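Student: Just so you know, the protein sequences line up as chains Z and F, in that order.
In this text, residue positions in the first sequence follow this note's numbering: the first is -11, and each later residue adds one.
In this text, residue positions in the second sequence follow this note's numbering: the first is 64, and each later residue adds one.
Warning: the hint list may mix true and false statements.
Claimed, not checked - Pairwise CB distance ranges, derived in the manner of DEER restraints:
id, chain 1, residue 1, chain 2, residue 2, range
1, Z, LEU100, F, GLN265, 49 to 59 Å
2, F, THR341, Z, ALA291, 42 to 52 Å
3, F, THR502, Z, THR282, 28 to 38 Å
4, Z, ALA291, F, PRO292, 51 to 61 Å
5, F, PRO119, Z, SER160, 34 to 44 Å
6, F, GLU702, Z, ASN99, 56 to 66 Å
7, F, ASP607, Z, PHE64, 51 to 61 Å
8, F, ASP267, Z, SER160, 17 to 27 Å
9, Z, SER160, F, PRO289, 49 to 59 Å
Hints listed in this document are in silico derivations from the structure and should not be mistaken for laboratory results.
Please read these numbers as outputs of a predicted model, since none were measured by experiment.
We put the CB at the ideal spot given by N, CA and C, even for glycine.
Residue-level listing of the chains:
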Amino acid sequence: MKLDRRQTLLGVLFGAGGLGLRSLATGLPISFLANPLKAMAAEAETCTATYGQFLVLSTSGSGDPLNANVPGTYLFPQIAHSPSPTMARTAMTLSGTRWDAAKPWADLPQNLLDRSVFFHHTTLTNNHANQNKVMKLMGATNRQEMFASIYAKNLAKCLGTVQSEPVVVGASGSGELLSYQGRTLPKLSPSGLRDTLTSAAGPLTTFQQIRDNDLNRLNALLKESGTPIQRAFLDRMAQTQTEARSIAQDLLADLAAINGDNAANQMVAAAILVKMKVSPVISTHISFGGDNHTDNDLLGEAAQTVAGVANINALFGKLTSYGLQDAATFAAMNVFGRTLSNRGTTGRDHMANHHVTVMIGKGLKGGVVGGLEPKGNEFTAQAINSTTGAGGTGGDILFNDTLGAVGKTLGAALGVSNAVLDDNITTGKVVRAALV
Amino acid sequence: MPGRPLWRIIPLCVLTALTGCSGAIDGLGGDQDDGSGPDGNVNNIPGVTTPRPFTPLPSYVYTSKVKNLLTGLPATSGELDAVAADPAALASLIDGWLAAPSADAKLLKFFGNAFQQTQFIDDDLQDQGEVRGQGTSYTQVVTAIRESFPRTALAVMKEGRAFTETVSANRFQLTPALMVHLAYIDNRRRDDRGNTRDKLFQADTAATFTVQTGGTAVPIAETLNPANPNYRKWQTATAFNAGCAKTTRTFTGGNIYVNLVDFIFGRLNQDPADATCTALNVPSQLVPADFTTWKWVTIRKPNAGEATTRFFDLATIRTGNELVLDTQRVGFLSTIAFFANWRTNDSNLARVTTNQALIVALGRSFDASNNVVPVSESGLDEEHANPTTECYSCHRALDPMRQFYRKNYSLNYHEQSDPTQLAAPATFAVDGVSAPGSTIADMARMLADHPRFPTAWIQKLCYYANSAPCSENDEEVLRLAGVFKASGFNFKALVRELFSSPLVTESRRTKTFDDRDAVTSVARFDHLCGALALRLNYDVCTIDTKSKNLSSNLPSDSYSRGSEVPSLNSDTSLFFRAGTENLCRQAADRVVDNGGVTGRYTSASVGSRDTAMAAFVSDVMGLTSSDPRAAPALQILKEHYAAVIAAGGNANAGLKSTFVLACSSPTAVSVGL
């Protein structure tokens, strides 16, 4: 008897009373099919099922100058921008409102711009080492959970993903790794992902089902004499084995498109992982200029911004080819922003007071949230009016709470329920103006 | 730190962040459970505690765990029997295991991570001076830069010397090639502004050297002897390029020593006076042994009037055990690798270097909980000097302490030449110890003498063994700290005591297991790949591109900036399961019915298959016959083979599939089962 991987997969899917196959066919999670009432009750507590979104997050512990060339920063002539023609000041429209930004941003397709939010805020730090703390919104998340992991935990059921832990495909260093419930998650390179999840046809694949059965017998043998901790570990081993088998054969073929580990391949990997419904959150690293203390004429910043925005566009192109352009939201948030005027065009230093998180997705209404104002020789993010999204004095989201507001607003755009957001993020408010 | 409650840290974090000041809270305390959740040992009823469940491990499990951790090899039946009969036998077994070459390989990995010497890329070396030359030579020097300090620490341990020498001594394990590199970058001093000064060239701007092709080899002694006619003449057997009419190239000018070091490492650059004589690769002037011979070398500053070691003085470098350099090198905290890991700049001003040195030596990071008042605040940046801000609490100790680095090194980690920095005082102030100093050796000595030193290294070993911390107020930890100190900081004694203690064996409850659960961990990269390489006798994880890709996605031991806690993923995931299975499939093709170097098992006969399957259980799964799980595991493997044959597979497919089953089984891919 010859069995290929697909047949083996079908065996697994049918083996659970057909729920797995029905899940893939209908898009509804196994938990829903197994017990719809219970699943609906659980989901109602965690996410808004009407538009639960996957998140493709880009983050950089280098503190790239993501805040320097986006809508809002062209209101002040003293803010330095690269003289490169590729970064020319260019008009753009966000949901009917005109803004100026660097050419790469303005050149994004209008359908993306209409769902792009440029959120001005502080990250409350100017220190590379605080990358993982920024991911925890600088102490504003419950139990020191990273905001992306809060989303992942609460969207997993809603989206019916294979696992609830985020997947990190693009950390440029161990500081950019994500943690989930206190566990640091490993990095999975795109090319390694390809080799990990695909396996060639042949005898070893043919007899995989037999091997899985005997692996379960070995697990059972070890559990007989195991401690409770060991038994729990063995259960996790068995569970993850089942998860590995639940990835569809036809989707695995798309992994062959990956030919390296750079940001472009990370976007491909992220789109594939979304299509595979592996995890609600995929973390990547897109550079927008890096740690550019010294960057004459900001040419490095220019080149990387051009490439970085192109990668965002490519991500949505890939998602669109999968018919998933409305299923995933992209966001870029780094450890801190960079100085806007002090060094002119010779480079930028770290800045705690201003950063811009870029969010693009179906749940978002294109526009600029918050703003910036001069402070000393530099700039600072403004307080925000949570109703209008406008920055300025009198905003009910204070400067110190704007980082928490990013976490809540992005979570709301992903479909995480208000109750979950309020329980898990202790500062800031959802900016309703940013949402559709 | 245990006892540092979360509620006290979060407000500090927020306050610190508001001011834009750095504040590291990533310590053990910062990420610990606050005890109020389901995993805590304190229930939600005030004043009522329930003990955390704890089940001791049987001796056959912990003996295998300890041997696997220390050597990558499975415990033999005799070893399991010995510990079963007398648990005290484990300590003496550990002594034997530590003497094995396989233990050296494991310890080198541990030291590389613990001393933060590994996580840099080639570009990170450029501040200090690029590695010159070509291809193989370049790669070998970069590898040596990574290996040097782990080898230093291993040699300190094996010689029974005080482990504090890893912090405060100026003796290092170096190869002659690495000595050449160290002497070369020392000559090319780069100041705070990035300006380079070639000291040898400045001393003799008219200097020249020649490279002759063909002819008689010039003995190095003649090349280096000013009285010899062959002074400064080098020779290569490689013919110059076809369009070059010369047989001798002459190098002079400001780049003379760049050209010379390139030539020594196998790259002859274009003739400065004749563009038709183009650059070409030539055999390195260093022989293979210069890249592989490790020896103790003392690095010291020159005495008054003394010259530094010339990088091209290969005879002296090969035979000597001393390098005289302007750049101070003391302990782990001033190696090329440590500096490449932690580059600094004119904003950071060596704060990162200082903080990481503190993390390595003492397991401490600068944060607002360091309540030691430094004896002097000289060096405190003005922008952080306001005592009413949260910045002040960190910077008042950090800034005077980073001055040890600033006084001794430029921002590119060459000797400092800025009079302002040289004149500024430095002050050490960490956890109850505060003292002024001047040299980097002063700072190293204070780190080595600090009362936290023993506990910090117990903690690093706890993380290595358990993927989790030990409680620092655990009586067993306190006992071990006493043993370590009483032994004169003998690291081997510490390893023996800790790995035979219940902190690692989990043979009985200690306070650590009141504070956290025991951990069964996946075998991370170093453990899994190290074990498979030993047990299958080839480098399973790197032998080809696909294996590299697969193993690169395995979780690995690592460290991160500002964090006192290493990054240690212990949990399995679908990627771990799929990745290890595919890695095992790659291995199956190499070890079963493969007549090449890696072939170990054959399916040719009943006897060879039985032998192979027995080896799968004992060597790959690590279950030897005294382990009660070995016999039923072998039976499952035999039945698997039979099932594959019954399903239409041939003997080759059956044995390969059986190998993959054993190789991806839980005991093969985890630690602590």
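Student: Now look at each hint and say whether the structure bears it out.
Tutor: Hint check:
A beta carbon spacing of about 58 Å between Z:LEU100 and F:GLN265 agrees with the range 49 to 59 Å that was offered as a hint. Here the CB-CB span from F:THR341 to Z:ALA291 is close to 31 Å, at odds with the stated 42 to 52 Å. F:THR502 and Z:THR282 have their C-beta atoms about 30 Å apart, which keeps the hinted 28 to 38 Å range intact. Taken as a hint, the range 51 to 61 Å holds for the pair Z:ALA291 and F:PRO292, whose Cβ atoms sit roughly 54 Å apart.
Checked against the hint of 34 to 44 Å, the pair F:PRO119 and Z:SER160 passes, with Cβ atoms roughly 43 Å apart. In this structure, F:GLU702 and Z:ASN99 meet the distance hint of 56 to 66 Å, their C-beta atoms being roughly 58 Å apart. Distance hint for F:ASP607 and Z:PHE64: a CB-CB separation of about 55 Å, consistent with the stated range 51 to 61 Å. Between F:ASP267 and Z:SER160 the Cβ separation comes to about 44 Å, which falls outside the hinted range of 17 to 27 Å.
Our hint of 49 to 59 Å for Z:SER160 and F:PRO289 holds, since their Cβ atoms are close to 50 Å apart.
Consistency with the previously given hints fails for numbers 2 and 8, ordered from lowest to highest.
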